[in-house]
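**Q** As given, the protein sequences belong to chains A and B, one line each in that order. The working numbering numbers the first residue of the first sequence as -13 and each following residue consecutively. The working numbering numbers the first residue of the second sequence as 54 and each following residue consecutively.
Note that these hints are calculated values from the structure, not bench results. One should not assume that every hint holds.
To be verified - If we take Cβ atoms under 10 Å as the criterion, some of the chain B residues that face chain A in the derived model are:
#1 CYS70
#2 SER110
#3 CYS231
Quick reminder that beta carbons are idealized off the backbone N, C-alpha and C, glycines included.
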Amino acid sequence: MSATNQSKAFQSRIGEALGNQQAHTNFRSAMNMLMENRLKQFPDQEELLHKRQRADAIRAHALRNLPTLLEKLEQKLVENGIQVHWAENGEEANALIHQLLSQAGARSVVKGKSMVSEEIDLNHYMEERGIKVLESDLGEFILQLAGETPSHIVMPAIHKSKQDIAELIHKHYPEHPYSEDVDTLTQQARQILRDKFCHADAGISGVNFMVAETGTLCLVENEGNGRMSTTVPPIHIAVTGIEKVVESLSDVPPLLELLTKSATGQPITAYFNMITRPRQRGEMDGPQEVHLVLLDNGRSHIRRDEELLDTLRCIRCGSCINHCPVYVQVGGHAYGTVYPGPIGSVLEPMRQGLDKIGALTSACSLCGACGQVCPVQIPLPKLINRLRAEAVTQQVETQGVKGQGSLRKLLEVWTWKGWRLIFGSGLRYRLFKLLATRLRRLTPPKMGGWSRYRTIAKPASRSLDEMAAKAGFDHE
Amino acid sequence: MAMSSDRPSEVYFLATCLTDLLYPRVGLAGMELIRRAGVRVIYPKRQSCCGQPAYNSGYRDEALKVARHQLSCFPRNIPVVVPSGSCAGMVSHHWPELFAGKPDEAEAVNMAGRTFELTQFLVDHLDLQLEDLGEPTEIVVHTSCSSRNELGIEERIESLLAQLSNVTVREQARKAECCGFGGTFSIKQPDISGAMVQDKCDALEQTGATRVVSQDCGCLMNIGGALEKQGRTLQPQHIAEFLLERTNVSN
């Protein structure tokens, strides 16, 4: 997509989102709740800072030693009987998973919530090849019925009202009576899914943390569907990004605490799964085969840049999204990417290229709220600023982000050159001020989108420069 | 009056281009508050802009050239006081990044270390004591995101206002949320920015306050412009003007 087209498409999605008042109300109340819940978990700001610094250090250490840790992880996993596969990109990951499923003759698969599976568009790939993948996370299950994508990385169906959900379940499963009662709806989904778990040929899941020291795959969830997907079917395939590795088991508790508290304001989730090996001889349950598919998909490229590398510390809590004043206005779908909000605005252009989706970086007032709440202290505003600079740069380099300079527009370039000429010289700036103040009546009454929502501030009749001299302040 | 140990005898005033051109009375009020406390205030007349608009738009070369001119206007090793969290943050936090590896990096880092937002300076360096001479009033405070998230000085404005016995500060919903200005963001994404300022105006007005006070002219231009466009009665005012008005004997 050309630079102009991607901007146009983004603007049109924004327009659509802003026109949906109901969605805005839904997002607003959900985000208010999430922010309040988080705050209750962190009553002591100093202690929180200390915990964030610790989590940051754990993740930074893991990323610095990524190749070594991944080798160690693979070795441990293989020792434990878990088969490890490496995928350069989404296509490779899907092909690998498809091959594993085909070999096992799997036709029906249950899947726990996984953003990496969204990233590689796993469901469509398998469906096109005759394998039905059923989403077992309640939110994802609802979206699958609706044929929609997640609008939030932790609460994928946050944009749906309970009426929407009631209609969807009744439409697809008419044997269940229509109800708008949340408990009844949950029960209905539970019954539908229970049956699928029992008959699935394979289970797919994501991973939250991989421990190199012990070869453990950690999975955080609330509904038990993750545990069902990874233990009931005869084969479990986990798929995740290479950056999710940490060095030792003792690295997990500090990260887990910040993850659940930052994400939903829960001190701990209802389920925390630690998967170390397939079913052993004499054991009554668990999958006979466990596979891990490790996806790169641009992560190694991001890791090579010292500044961009910080992005990979992300533990996918969604706290930056919950606190973003832009996200609460436009919601997740306006971004048009798998990852929305602040983390999406840095990760997606790095992953896909500025020429594809660099326009996302414009939807940020640089208020800094995201950077303040990030549990691993990713400097999100700084990264957005960096990406804006790369998007309009003239010096294209091999390092850095794909699509450098693709959003450079002549009009903008000349505007900033003109601005620099005026503001870069005391003499020219004073002349400019003289004209602006004396000709203030000529200030245009409209200025594009600004005056759609506000009146125009006119220059004063005298600048501060003149007034300060008159008021007896020292000029120098 | 308690004297802070690092109380300077003279300071530079970095007006910001917005104050200089659009809101000169804010600048005068800020300078007067400092002068009244017995500190000499110097207004470098060649000063222009900190470079923030271009920096935040990705035009770093242009930002650097303007910042370099600005740097040359504040050569002496005395504090630089700025009536804006956003511009103070640009100098103190982003100049070291912008000038990194450049021949004048040391000078830029030096100025970054002696640049302070106005309320921060009044509280931390002057320990300013205020006596409220005004009528009872109810206000609401909008703290700029740069003062809150970048500089971490959001309580300075509150502590100054707490000294004013006749001023009641009302609390709005989602106090920490951005007003939607964001400099060039309001031009590049006018509809998102417009929706944000609408929500902000609603929250501010729901407090029943008559005035909204802030430490940043950018936020006030945004909020004030939206309030005026919608014909609302809530009045925007910069903290410098508000403090001076309420504590000046001659008023």
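**Q** For every hint, state whether the structure bears it out.
**A** Right, here's what the structure says about each hint:
For CYS70(B), the interface hint holds, since its Cβ comes within 10 Å of a Cβ in chain A; the closest pair sits about 7 Å apart. Using the Cβ-Cβ criterion of 10 Å, the hint placing SER110(B) at the interface with chain A is satisfied: the shortest such distance is roughly 6 Å. Interface restraint check: CYS231(B) against chain A, minimum CB-CB distance 4 Å, threshold 10 Å, status holds.
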